Amino acid sequence: MAYQIVDKCVNCTACEMVCPNDAISADVNQFNIDPLLCTECAEAFADPQCTSICPVEGAILDELGEAVNPPGSLTGIIPLVAA
Amino acid sequence: MKLPVLDNDTSLATSEGCQSSGCGSSDDSLTHLPEEIRNKVANHPCFSEKAHHYFARMHVAVAPACNIQCNYCNRKYDCSNESRPGVVSEVLTPAQAVKKVKAVAAEIPQMSVLGIAGPGDPLANPQKTFETFRRLSDEAPDIKLCVSTNGLNLPASVEEICKHNIDHVTITINCLDPKIGAKIYPWIYWDHRRIRGEEAAAILIEQQQKGLEMLVERGVLVKVNSVLIPGVNDQHLKEVSRVVKEKGAFLHNVMPLIAEAEHGTYYGLTGQREPTAAEVEEIQNSCSGDMNMMRHCRQCRADAVGLLGEDRGEEFTLDKIEAMEIDYPAAMEKRAQVHQEILEKLDADSGAAVQPQVPAASRPVRMAVATKGQGLINQHFGHAREFLVYEASPEGVRFVNHRTLPRPYCEGGDTCGEDAESLMAIVIRELQDCEVLLASRVGFEPWSALEEAGIQPNGEHALEGIEEAILAVYQKMQAEGQLQAKQPSLQTA
Chain A
10 MAYQIVDKCV
20 NCTACEMVCP
30 NDAISADVNQ
40 FNIDPLLCTE
50 CAEAFADPQC
60 TSICPVEGAI
70 LDELGEAVNP
80 PGSLTGIIPL
90 VAA
Chain B
5 MKLPVLDNDT
15 SLATSEGCQS
25 SGCGSSDDSL
35 THLPEEIRNK
45 VANHPCFSEK
55 AHHYFARMHV
65 AVAPACNIQC
75 NYCNRKYDCS
85 NESRPGVVSE
95 VLTPAQAVKK
105 VKAVAAEIPQ
115 MSVLGIAGPG
125 DPLANPQKTF
135 ETFRRLSDEA
145 PDIKLCVSTN
155 GLNLPASVEE
165 ICKHNIDHVT
175 ITINCLDPKI
185 GAKIYPWIYW
195 DHRRIRGEEA
205 AAILIEQQQK
215 GLEMLVERGV
225 LVKVNSVLIP
235 GVNDQHLKEV
245 SRVVKEKGAF
255 LHNVMPLIAE
265 AEHGTYYGLT
275 GQREPTAAEV
285 EEIQNSCSGD
295 MNMMRHCRQC
305 RADAVGLLGE
315 DRGEEFTLDK
325 IEAMEIDYPA
335 AMEKRAQVHQ
345 EILEKLDADS
355 GAAVQPQVPA
365 ASRPVRMAVA
375 TKGQGLINQH
385 FGHAREFLVY
395 EASPEGVRFV
405 NHRTLPRPYC
415 EGGDTCGEDA
425 ESLMAIVIRE
435 LQDCEVLLAS
445 RVGFEPWSAL
455 EEAGIQPNGE
465 HALEGIEEAI
475 LAVYQKMQAE
485 GQLQAKQPSL
495 QTA
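Here the protein sequences come in this chain order: A and B. One point on numbering: in our numbering, the residue at position 73 of the first sequence is 82, and numbering is uninterrupted. One point on numbering: in our numbering, the residue at position 268 of the second sequence is 272, and numbering is uninterrupted.
Bear in mind the hints are in silico, worked out from the structure with no lab data behind them. Keep in mind that a hint or two might mislead.
Unchecked claim - Computed, partial: chain A to chain B, Cβ under 10 angstroms:
{"id": "1", "residue": "15"}
{"id": "2", "residue": "19"}
{"id": "3", "residue": "25"}
{"id": "4", "residue": "50"}
{"id": "5", "residue": "54"}
{"id": "6", "residue": "64"}
{"id": "7", "residue": "84"}
{"id": "8", "residue": "86"}
Just so you know, these numbers come straight off a predicted model, no measurement behind them. Quick reminder that beta carbons are idealized off the backbone N, C-alpha and C, glycines included.
Extracted from the complex, chain A is given alone in its bound form (with noise of 0.2 angstroms):
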């Protein structure tokens, strides 16, 4: 059970900052969730840290794949005016 950051990362800093598991770390171009460090904030917090701070639509995926902040739900911009 882990997250994991792609390349829409913009390296803000803030999802490594709030990380209770010091799992997160940057890397040559975005930040990376250590899998094994990881546990979706299970039994620390209500909501996964990461995911309830990063700024960024799509920037992190839960363990299917699925974007944990789909397009448009952060910033209200729907992804057909993003586009």
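Dock chain B against the given chain A, drawing on the hints supplied.
Frame of chain A; chain B shown alone:
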């Protein structure tokens, strides 16, 4: 010729009438403030309109994370060629930032202020922000430290702010009403949750107000920034101004929304319009009865360097700084001397005010000025990226605001040609309320175009002080009988 420089902050004796109790009675907005506060802002280009002609500032981008989303912001902040808040070329570590500040302060001795303004929220990055401040207060103790914030983490940060001797804080407060806030802020991150809608706005507003009160209680100077969003908070900002003044904010800066589709923001992409310069001025005037208003803000980048109207960031990239050889103690001495000279000049100027020699019924006249600092008319028309607009009236000369061009009329040697005509149309539209344009020099072609548009170019006052020159032109207009008649009909390009 000496003159009273009516400061925009207190006096508004315009054709719209006087809206401030200090109308016409003061030559400097700051004179009613305690000396201690005047000394604090005398060399701060953002807190004092006078200082901004002489003193430089810089921002270091050490704070990339944010704890809220604003509809005028796109968190993809990495951009080298736009000039607006929230964008930067490179994010720095505190160590890199300290190095950069010391290099800039050595190369630009007019530098007096270091601010941390993003590209996220400085107080959402407390370790990086405060480490930078802590090291700078040790290594460059003469530089004033400044921070700006959305306010969400402000109450929790006040102790730390005071510990680091940061005596200027800017809070962006766009509203006091959560219903309005919900239209500006889609979410906040608070107490380990993402909170949306009015609930989010209510928490943010509460923290901003609490933070403002706590800072004022501790004697920290607070400036409040508000983004003017037509149809969203325009009618509400007067109330914001009244309340923040009541709570002890020192200065209110109403700035126009920037909302271009290509910036990728919610407002940009959904067609929210930007206010016109006239709308911004109207709101500033309506707030000014209650509050000192800042009118010279350039809405600079989170890594801007130099005087407010310029950005010399390109000269100070990390690799360029690495190659510089700097004698820091000598630079600090030089800085002290340069600052002292500027302050003495400002002091001498402010003590020498007289009324212009024109009949009291003379109509006010607006004039545009091309300047590159030092309070002088020292910029060629073709090289100006912006013009400062002043208004002369029987009460004196006051600063109105600045007008920005997409690029100078003559960029480089050979680009005056093709685009010149369309750029001239922009100049004429931007300056449609002005009757005179003062520059160190105006070329033949733009001269004719300006004259045809009813804006009299004037190169006779090159290298003179801005206010002195404006007063001289105003008195000459009076002598020629131009101030009795109604203003000639405005050119609407």
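Against the structure, the hints:
1. 15: violated (15 angstroms)
2. 19: Interface hint status for residue 19 (chain A): holds (5 angstroms vs cutoff 10 angstroms).
3. 25: Holds, about 8 angstroms.
4. 50: Interface hint status for residue 50 (chain A): holds (9 angstroms vs cutoff 10 angstroms).
5. 54: holds (5 angstroms)
6. 64: holds (4 angstroms)
7. 84: It holds, given that the least Cβ distance between residue 84 (chain A) and chain B is near 5 angstroms, below 10 angstroms.
8. 86: holds (5 angstroms)
Violated hint for the displayed structure: number 1, the only one.
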